[in-house]
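Trainee: Listed here are the chains, written in short residue letters.
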Amino acid sequence: METVEFGIRKKTLGTTVSFDELYKEAFPPVASFVSKMSGSFQDAKDIFHDALVIFHEKTEDESFVLSTSAEAYVVGIAKHLWLKKFKRSKLTISLDAVEASIVIPEDYYPTINTNRLLQLLEVAGKKCLDLLHSFYHEKLSAEEIKNRFGFKTEHSASVQKYKCIEKIRETVQQKVINYENFFE
Amino acid sequence: MRTSLNEIQQIEKYIHRELPTEDNLLFEAKTIINTSLRRNLFLQNKIHEILRLYHRAKLKNEIEKIHDRVFHKPTNAAFRKNILQFFNSNL
Chain X
1 METVEFGIRK
11 KTLGTTVSFD
21 ELYKEAFPPV
31 ASFVSKMSGS
41 FQDAKDIFHD
51 ALVIFHEKTE
61 DESFVLSTSA
71 EAYVVGIAKH
81 LWLKKFKRSK
91 LTISLDAVEA
101 SIVIPEDYYP
111 TINTNRLLQL
121 LEVAGKKCLD
131 LLHSFYHEKL
141 SAEEIKNRFG
151 FKTEHSASVQ
161 KYKCIEKIRE
171 TVQQKVINYE
181 NFFE
Chain W
185 MRTSLNEIQQ
195 IEKYIHRELP
205 TEDNLLFEAK
215 TIINTSLRRN
225 LFLQNKIHEI
235 LRLYHRAKLK
245 NEIEKIHDRV
255 FHKPTNAAFR
265 KNILQFFNSN
275 L
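Sequence lines, in order, name chains X and W. Mapping of the first sequence onto our numbering: residues 1 to 184, in sequence order. Mapping of the second sequence onto our numbering: residues 185 to 275, in sequence order.
Do not rely on the hints blindly, as some may be mistaken.
Said to hold, decoys possible - Which bits of chain W does chain X cover? Going by a derived footprint, with three or more residues having C-beta under 8 Å, they are: (1) 185 to 199; (2) 210 to 216; (3) 241 to 249.
As the list claims (entries may be wrong) - For the chain W half of the interface with chain X, some residues (derived, Cβ under 8 Å), not all of them: (4) E202; (5) I234; (6) L235; (7) R264; (8) I267; (9) L268.
Bear in mind the hints are in silico, worked out from the structure with no lab data behind them. Glycine is no exception: its CB is placed at the ideal position from the N, C-alpha and C atoms.
With the hints as constraints, model all of the structure from the sequences given.
Mentor: The structure is reproduced here in structure tokens:
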């Protein structure tokens with residue numbers, strides 16, 4: 001698998017913080033929090049890794065402004081995830097103003113159907129998944145995508161993107177159950 | 185590009201809010217009267233949901249590698265001990 005670049009945008013943080021550094025800074029307070037909640041080491045690790053993913057996603061958003069330190073923000077996300085995952089009341093965990101303002105993506109815990117669709121596409125449509133991932137999440141230029149996937153021109157890379165959406169759409173349409181409910 | 189691919193491109197621009205205001209309104213009006221377009225918009229949003237899940241899975245794999253690197257590195261033994269001691273009383 002290709003390496004995902006974890007350099008955090010300078011615009012957001014004022015400096016580039018490596019995820020190794022962030023890991024060392026933020027894991028101890030998250031572990032401390034989870035242990036106080038009677039969670040296990042594995043709970044702490046899972047929650048922390050999810051918090052890092054969400055933090056990374058937030059820094060990818062151009063409009064995101066970090067109003068506290070990166071590690072404090074990650075700890076805040078971890079507290080929210082704990083509340084969500086173990087369905088605890090907000091009254092049992094104290095959140096400061098910045099922590100209280102953190103929003104966890106609604107689709108972070110996906111439906112069983114979405115998980116199954118991904119599993120299916122990883123087998124039946126891996127090339128298209130990788131191509132679309134390069135466009136939408138790695139945000140590579142058409143030229144970089146042309147070179148990586150061996151297209152002759154940038155235009156053919158763009159056309160292939162739409163063909164891939166069409167191909168995946170057919171699979172999704174066949175498998176999404178009750179989607180008609182959305183249109184009735 | 186053929187018509188069906190042009191429609192996919194148009195839906196993509198709508199999802200990413202890249203359509204000018206007038207075209208955006210026109211697109212939304214079309215989704216009201218055109219069931220097929222409405223269905224395709226739903227499916228294309230679903231594809232983005234799946235791609236987000238795929239992206240997160242890739243990130244978590246990378247974070248697992250960072251965990252191995254940071255947590256098990258011999259020079260980070262104190263860090264590891266510090267973390268584990270939080271859970272000694274929970275065992």
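Trainee: Indicate, hint by hint, whether the structure satisfies it.
Mentor: Going down the list of hints, with the structure as the test:
no., hint, verdict
1, 185 to 199, "holds (count 6)"
2, 210 to 216, "violated (count 0)"
3, 241 to 249, "holds (count 8)"
4, E202, "violated (13 Å)"
5, I234, "holds (5 Å)"
6, L235, "holds (6 Å)"
7, R264, "violated (10 Å)"
8, I267, "holds (5 Å)"
9, L268, "holds (7 Å)"
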